[in-house]
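Kindly produce the complete structure, drawing on both the sequences and the hints.
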Amino acid sequence: MDDLLNQWDQSLDQAQLDRLQTNLERRRFLHDSCKAAAGPALALGLLPSLALFSACDKTPQILQAQIINQEPWTSLAAVQQIMFPDDGNGPSAADLNATAYLKFVIDTPDMDKDDRQFILKGIDWLNQLSTKNTQKLFIENNTQKRNELITQIAKSQSGERWLSFLLLYMFEALLTDPVYGANPNGIGWDWLEHKPGFPHPPKNKTYTELLKK
Amino acid sequence: MKDYDVCIIGSGAGGGPVALQLSRAGYNVLVLEKGPFLKRDDFYKDELACCRRSVYTPELKDEHHVIEDYDGKDEASNYKWTSDSTLNSGWDFWNGNMVGGATNLMSGFFHRLKPEDFRLKSEFGVIKDANVVDWPISYDELEPYYTMVENIVGISGKVEPHPFQEPRSTKDFPYPPTLEHPITGFIDTACAANNLHALRTPRAVLSQPKDQRNSCEYSGYCGSYGCASGAKGSSREALINTAIATNNCTVHANAKVTRLISNETGKVTAAEYIDADGNTKQVKATIFVVACQAIETSRLLLLSTGPKHKKGLGNHSDQLGKNMLFSAGGSGYGEFYYNDYSDELSEQLKLRGPFVNRYLQDWYFINDKKFGRHKGGTVELLLRHPNPISKANGIKWDDNDQLLWGSQLKQKLKIEFTERQSLRYEIFCDWLPTDDCFVSLDSQNKDKWGSPVAKLRVGYHDHDLKVGEYIIGKTKTAFKQMGAKDISGSVSGSPPANLQAGGCRFGKDPATSVLDPDCRVHGAENVFVTDGSWMPTGGSVPYTWTIYANAFRVADIIKKQL
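These protein sequence lines map, in sequence, to chains C and H.
Numbering (this note's numbering) for the first sequence: 615 to 827.
Numbering (this note's numbering) for the second sequence: 34 to 595.
In short, the hints are calculated from the structure, not lab data.
Certain hints may be false.
Claimed, not checked - Listed below are the simulated DSS-like cross-link pairs for lysine-lysine, each with C-alpha atoms no more than 27 Å apart in a straight line: (1) Lys735/C x Lys429/H; (2) Lys817/C x Lys72/H; (3) Lys727/C x Lys429/H; (4) Lys809/C x Lys429/H; (5) Lys809/C x Lys72/H; (6) Lys819/C x Lys94/H; (7) Lys300/H x Lys541/H; (8) Lys479/H x Lys827/C; (9) Lys827/C x Lys481/H; (10) Lys809/C x Lys447/H; (11) Lys314/H x Lys35/H; (12) Lys827/C x Lys72/H; (13) Lys727/C x Lys481/H; (14) Lys94/H x Lys827/C; (15) Lys445/H x Lys809/C; (16) Lys445/H x Lys769/C; (17) Lys424/H x Lys819/C; (18) Lys424/H x Lys769/C; (19) Lys94/H x Lys727/C; (20) Lys113/H x Lys72/H; (21) Lys819/C x Lys72/H; (22) Lys809/C x Lys518/H; (23) Lys826/C x Lys72/H; (24) Lys113/H x Lys727/C; (25) Lys429/H x Lys759/C.
These figures come from a predicted structure and were not determined experimentally.
And the structure:
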């Protein structure tokens, strides 16, 4: 494995890696069925309290267009597009406003600090690897080379965990209610033939609003 | 000078019936609830709110538990136990931190216990290392209250004869069954051909409007979600709202009770709580009712030491927190691939909305030539939960546990979401009470208010696994007959965190119980416990109907005492 990747792994001790994994896999199955999933699992400890970007004056599409010209969002958007490409099979990361959604999630003050730092640190490491191997920043490479770099970092424990975080929020962008600005017009639901429940949350009843009660 | 006739701590299945019956009887009732007062118009089908953020449950950094889990045996063959905070593990034991508690989020599968469940030791004998006892009351004493729940909470269903049908004082349920998913055709045909009884699941979901509540809207998102129509028979919708309407019931939300204060006689004089602004307050009442869900009820009583309760309220015999119960059993899936069926049938299988509404109790009592005679359990059938984000996040790995992304990932998502319908089964068996499943106070971890958190040892009895394995085998055979493919199943000794009971078992002898048969704390004549804590054994069904019924029973006892 590349020395840089080794350094990356060694910069986090096993306890930190385990903690990140716990945060990553936390999700509530409390009553997904009558008998909630047994065993250690579950509860995403993220409580964003900033206003939703969908509630701002700007549309998610405009926000998405604006932030992808700013680092680290430019690079994160490029990684997201590798992970969820425009390949003719359903929406791409860009179609889902996935970068703006990720920014919304990790900008929230209640987000786990380790998670936030880890997501942002991953871009630094990716660019270091890219510079070493290609003498270019990640986004200056073509799609094939970007894919190779992603494949390379996935071979490290930390890199795989970083990509897992990005995927988790990609899935949220793909399948959450459009009130949160992602999954515009339910394109993710339509693609996967998913029938959402009703009623849908209005802007004044999103989880950020409910948390104020 | 008392502030209220009755102070109830917790507003879920144990608190709601008492609040309703006593406020209806004209008593001045206060309900203290740790969570917020979310109402019907706060509930939407939002996966982020329900299941991926800490909206309905506390943040673990503020409130957590410590779990002592089995960690093999030492050289002397003694069990070893490893402690870990749920803050580290993410294993969350909170269920519905809001007015109405976990009943807001339940699926509402409602089953009565059987008469034999009240005398398990007499019926099935002693099991080594299991603390099984008969209950101090009989099914006949609880039956009128089961019926009361059917009418007041509103249960939809249809009584159908089967070998283990429990006695009823009424002919049928007050509401007809809720609408059913077409997959029931597969279930009914296969079960009938194999001499099994596919029964309609009684459900605490209204199939017809009742008072201020609408009937079910069949969104297909029920369990884990709050109900937007009011059809689900949560304690809030069915009981607390009605109690408030009497003008005799006050609900203080965001009120965390830290201890019960008792005097030299052992009676409780006040409940101390911290309000939403962080102010510590006390409230005095004639009667106190504790219903915080089993783990937290044991914790609160352990924290409530006093002149006559040196080791915690009602803990004279070191029984408080002991013999915790969960639900044993297991679960699995069978897959129905659309390609195997006609277009018309495929479209029917894809339907989302109506309930599966089928359960089997053919193995509630097992009498098998090879396996022997044992208490068995209930098999509940349901569709895979529809939460899509959770589903997607679970399928991001390939067969070699390598992370997928790009077009490969998208192809897998497309297939997993669109090629089949998944029928799930859940098996509910008795969780045998043992010395290795109990609540104590952790000596190091505290919650955000400075109180020691509950430490829970989660040992199970091997017999539970054997019973679960037996029923899973039978269920898999039934699924095969239905035409399901890729049938899976597993038995687990891990406790499902949403099915809690025990810790304050009731009994006639104060030396072996925490509560008397009226669910009154031994040595504290004005304190009652009405969540599932009183149960010495749990039966082989979800507990909620029995908790509701017993709380109505205790409400009648309190009325006589007031």
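Going through the hints against the structure:
At roughly 22 Å between alpha-carbon atoms, Lys735/C and Lys429/H fall within 27 Å of each other, so this suggested pair holds. Proximity of Lys817/C to Lys72/H is assessed by CA-CA distance (about 17 Å); at most 27 Å being required, the pair is judged to hold. For the given pair, Lys727/C sits about 25 Å from Lys429/H by alpha-carbon distance, which is consistent with the 27 Å threshold. Proximity of Lys809/C to Lys429/H is assessed by CA-CA distance (about 21 Å); at most 27 Å being required, the pair is judged to hold.
This hinted pair checks out: Lys809/C and Lys72/H have alpha carbons roughly 25 Å apart, not beyond 27 Å. Between Lys819/C and Lys94/H, the direct Cα distance comes to roughly 24 Å. Compliance with the 27 Å bound is thereby established for this hinted pair. Distance check on the hinted pair: Lys300/H and Lys541/H sit about 19 Å apart at the alpha-carbon level, within 27 Å; holds. Proposed proximity of Lys479/H and Lys827/C is supported: the alpha carbons are some 24 Å apart, at most 27 Å.
Proximity of Lys827/C to Lys481/H is assessed by CA-CA distance (about 18 Å); at most 27 Å being required, the pair is judged to hold. Between the alpha carbons of Lys809/C and Lys447/H the distance comes to roughly 14 Å, so the proposed pair stays at or under 27 Å and holds. For the proposed pair Lys314/H and Lys35/H, the alpha carbon gap of about 14 Å is at most 27 Å, so the pair holds. For the given pair, Lys827/C sits about 11 Å from Lys72/H by alpha-carbon distance, which is consistent with the 27 Å threshold.
Simply put, Lys727/C and Lys481/H have alpha-carbon atoms about 19 Å apart, close enough for the 27 Å limit, and the pair holds. A threshold of 27 Å between alpha carbons decides the hint, and for Lys94/H with Lys827/C the separation of about 19 Å falls inside it, so the pair holds. Proximity of Lys445/H to Lys809/C is assessed by CA-CA distance (about 18 Å); at most 27 Å being required, the pair is judged to hold. For the proposed pair Lys445/H and Lys769/C, the alpha carbon gap of about 21 Å is at most 27 Å, so the pair holds.
Simply put, Lys424/H and Lys819/C have alpha-carbon atoms about 24 Å apart, close enough for the 27 Å limit, and the pair holds. For the hint pairing Lys424/H with Lys769/C, the CA-to-CA distance comes to about 24 Å; that is within 27 Å, so the pair holds. Restraint check for Lys94/H and Lys727/C: the C-alpha separation of about 13 Å stays at or below 27 Å, so the hint holds. Note on Lys113/H and Lys72/H: the hinted pairing is violated, with a Cα-Cα distance of about 45 Å set against a maximum of 27 Å.
Distance hint between Lys819/C and Lys72/H is fulfilled; the C-alpha atoms sit about 11 Å from each other, no more than 27 Å. Under the criterion of a C-alpha separation no larger than 27 Å, the hint pairing Lys809/C with Lys518/H is consistent with the structure, at around 23 Å. With a CA separation close to 14 Å, the supplied pair Lys826/C and Lys72/H stays within the 27 Å bound. For the suggested pair Lys113/H and Lys727/C, the alpha carbons sit about 34 Å apart, so the restraint of at most 27 Å is broken.
Restraint check for Lys429/H and Lys759/C: the C-alpha separation of about 22 Å stays at or below 27 Å, so the hint holds.
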